[in-house]
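Asker: Okay, here's what each chain looks like letter by letter:
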Amino acid sequence: MERFQEVFTNAFPYLMDGLQMTIYIFLIAIVLGFIIGLIVALLRLSPIKILNWIAIWFINAIRGTPFIVQLFFIYFGLNSLAWISFDNVTAGIVTVAINAGAYFAEIIRAGIQSIDKGQTEAARSLGLTSSQTMRHVILPQAFRRMLPTFTNQSIISLKDTSLLSIIGVADLVQRGQVQTAATYAAFEIWFIVGVIYFILIYLLTLLSDFLERRFVLR
Amino acid sequence: MSIIQVKNLKKSFGDLEVLKDINVVIEEQEVLCVIGPSGSGKSTFLRCLNRLEDITDGQVIVDGNDITSKKTNINKVRENVGMVFQQFNLFPHKSVLENVLLAPMKVSKKNKEEAKAKALALLDKVGLKEKAESYPGELSGGQKQRVAIARALAMDPKIMLFDEPTSALDPEMVGDVLEVMKQLALEGMTMVVVTHEMGFAREVGDRVIFMDGGYIVEENEPNALFGNPQEERTQAFLSKVL
Numbered sequence: 003m004e005r006f007q008e009v010f011t012n013a014f015p016y017l018m019d020g021l022q023m024t025i026y027i028f029l030i031a032i033v034l035g036f037i038i039g040l041i042v043a044l045l046r047l048s049p050i051k052i053l054n055w056i057a058i059w060f061i062n063a064i065r066g067t068p069f070i071v072q073l074f075f076i077y078f079g080l081n082s083l084a085w086i087s088f089d090n091v092t093a094g095i096v097t098v099a100i101n102a103g104a105y106f107a108e109i110i111r112a113g114i115q116s117i118d119k120g121q122t123e124a125a126r127s128l129g130l131t132s133s134q135t136m137r138h139v140i141l142p143q144a145f146r147r148m149l150p151t152f153t154n155q156s157i158i159s160l161k162d163t164s165l166l167s168i169i170g171v172a173d174l175v176q177r178g179q180v181q182t183a184a185t186y187a188a189f190e191i192w193f194i195v196g197v198i199y200f201i202l203i204y205l206l207t208l209l210s211d212f213l214e215r216r217f218v219l220r
Numbered sequence: 126m127s128i129i130q131v132k133n134l135k136k137s138f139g140d141l142e143v144l145k146d147i148n149v150v151i152e153e154q155e156v157l158c159v160i161g162p163s164g165s166g167k168s169t170f171l172r173c174l175n176r177l178e179d180i181t182d183g184q185v186i187v188d189g190n191d192i193t194s195k196k197t198n199i200n201k202v203r204e205n206v207g208m209v210f211q212q213f214n215l216f217p218h219k220s221v222l223e224n225v226l227l228a229p230m231k232v233s234k235k236n237k238e239e240a241k242a243k244a245l246a247l248l249d250k251v252g253l254k255e256k257a258e259s260y261p262g263e264l265s266g267g268q269k270q271r272v273a274i275a276r277a278l279a280m281d282p283k284i285m286l287f288d289e290p291t292s293a294l295d296p297e298m299v300g301d302v303l304e305v306m307k308q309l310a311l312e313g314m315t316m317v318v319v320t321h322e323m324g325f326a327r328e329v330g331d332r333v334i335f336m337d338g339g340y341i342v343e344e345n346e347p348n349a350l351f352g353n354p355q356e357e358r359t360q361a362f363l364s365k366v367l
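Protein chains in written order, with my numbering: chain A, 3 to 220; chain B, 126 to 367.
If you are wondering where the hints come from, they were derived from the structure by calculation, not from laboratory data.
One or more hints might be untrue.
Listed next, the in silico DSSO-like pairs over lysine-lysine satisfying Cα-Cα at most 27 Å (straight line) [what the hints assert, rightly or not]: (1) A:Lys-119 x B:Lys-231; (2) A:Lys-119 x B:Lys-145; (3) B:Lys-231 x B:Lys-201.
Pairwise CB distance ranges (calculated) [claimed, not checked]: (4) B:Lys-234 x A:Ala-84: 47 to 53 Å; (5) A:Ile-50 x B:Glu-239: 37 to 43 Å; (6) A:Ile-158 x B:Asn-198: 55 to 61 Å; (7) A:Thr-92 x B:Ser-137: 50 to 56 Å; (8) A:Ile-50 x B:Lys-365: 45 to 51 Å; (9) B:Thr-181 x A:Gly-79: 48 to 54 Å; (10) B:Asp-140 x A:Pro-142: 35 to 41 Å.
Keep in mind it's a predicted model, so treat the numbers as computed, not measured.
Note that beta-carbon positions come from the ideal geometry of N, C-alpha and C, so glycine has one too.
Isolated chain A, as found in the complex (with noise of 0.2 Å):
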């Protein structure tokens, strides 16, 4: 117990730079992400089929690889082109941001579905056109009923941000490794480590669940 507390009162502070990066990256992607998600299941939907087909062929191709390799192919794929250059953080938050995408715009689709064709009726019949019935009448109801779903894939792409320790990124996953090397004291930090994802992850369910009652369908 002596010796946990030790390496708890130093490895701590290393350990919330790390959190700090962690929670920096995830919300700057998740954004991104969400905007991306918005674009392409419009995309989607569209009723052009070129662009269509560019929405499905870009969600089938970040389902169809591994999270790993879509960050190395941006990390070191992208960078060994001679035209284009980044650094690790900026490849990391582009490469959970598009994973991320990709899940949204699904989710975003079978939200944007799931509305009664009514509600459009009705909307086009006052004379709103399709995009302001989208943004008046389509979007949010859909995004309530998304909510729970958008939860689980958040959940999802903050675990993700933890591989990006892998290109170097000093998140906490990353912060982690460092301690324990300097340290040896693998069982403890990874215990605090595991512990500190846990109370983010469970904050991000708490707010999930209170804007769900906020915004419950009346």
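Fit chain B to the supplied structure of chain A, relying on the hints for placement.
Answerer: Here is chain B on its own, set in the frame of chain A:
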């Protein structure tokens, strides 16, 4: 000029021809009731009048606009054509007042105060002013339908289309909705009403159309059509529903 002119209207869903050759002219301030068995095409006919259904062939002219033409801005035409649906189709995430306010504010870009005063007056007219802050889920079917009528009226339409407005209602709710519609008719609104309420068609309608199999089988003023139907199919239908 007649406010609605329908010429040789045809509508198919794939191989299924639902409207075969519809010709009808509707005058301003007229109340036209459309009756007929289910599957006769009467709802599809109504939905062609504001192009909720793509028109396969023929011409539909609404308030001087040829809505079959691709060049016509259908959104502009729809601003003048209100529609009330069998399933109400209120927006469940918006309060009653917000339902009524949405189109005036987003489509007509009215300022909030002006639009709100008008919306409350309309809700008062349909007897639901005190429900302004309620949500659709908290209302009965009859109340929902009256809100839907107020929502359509908020755009000051010249024409109102009703698609079996009382068919999804409990019997005791039907009267309130019909009363509101009757009031509208008395005020001179041009109305096209697809209905199974023969009493309403007879009392409020200026003219009744009987449809079957994608055709207009018979059309006449209500007393003549209900009292002395000429066509065999009309007689058969009326003998079942009256």
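Asker: Determine for every hint whether it applies to the structure shown.
Answerer: Taking the hints in turn, this is what the structure says about them:
no.: 1; hint: A:Lys-119 x B:Lys-231; verdict: holds (20 Å)
no.: 2; hint: A:Lys-119 x B:Lys-145; verdict: holds (26 Å)
no.: 3; hint: B:Lys-231 x B:Lys-201; verdict: holds (13 Å)
no.: 4; hint: B:Lys-234 x A:Ala-84: 47 to 53 Å; verdict: holds (51 Å)
no.: 5; hint: A:Ile-50 x B:Glu-239: 37 to 43 Å; verdict: holds (39 Å)
no.: 6; hint: A:Ile-158 x B:Asn-198: 55 to 61 Å; verdict: violated (45 Å)
no.: 7; hint: A:Thr-92 x B:Ser-137: 50 to 56 Å; verdict: holds (54 Å)
no.: 8; hint: A:Ile-50 x B:Lys-365: 45 to 51 Å; verdict: holds (48 Å)
no.: 9; hint: B:Thr-181 x A:Gly-79: 48 to 54 Å; verdict: holds (52 Å)
no.: 10; hint: B:Asp-140 x A:Pro-142: 35 to 41 Å; verdict: holds (38 Å)
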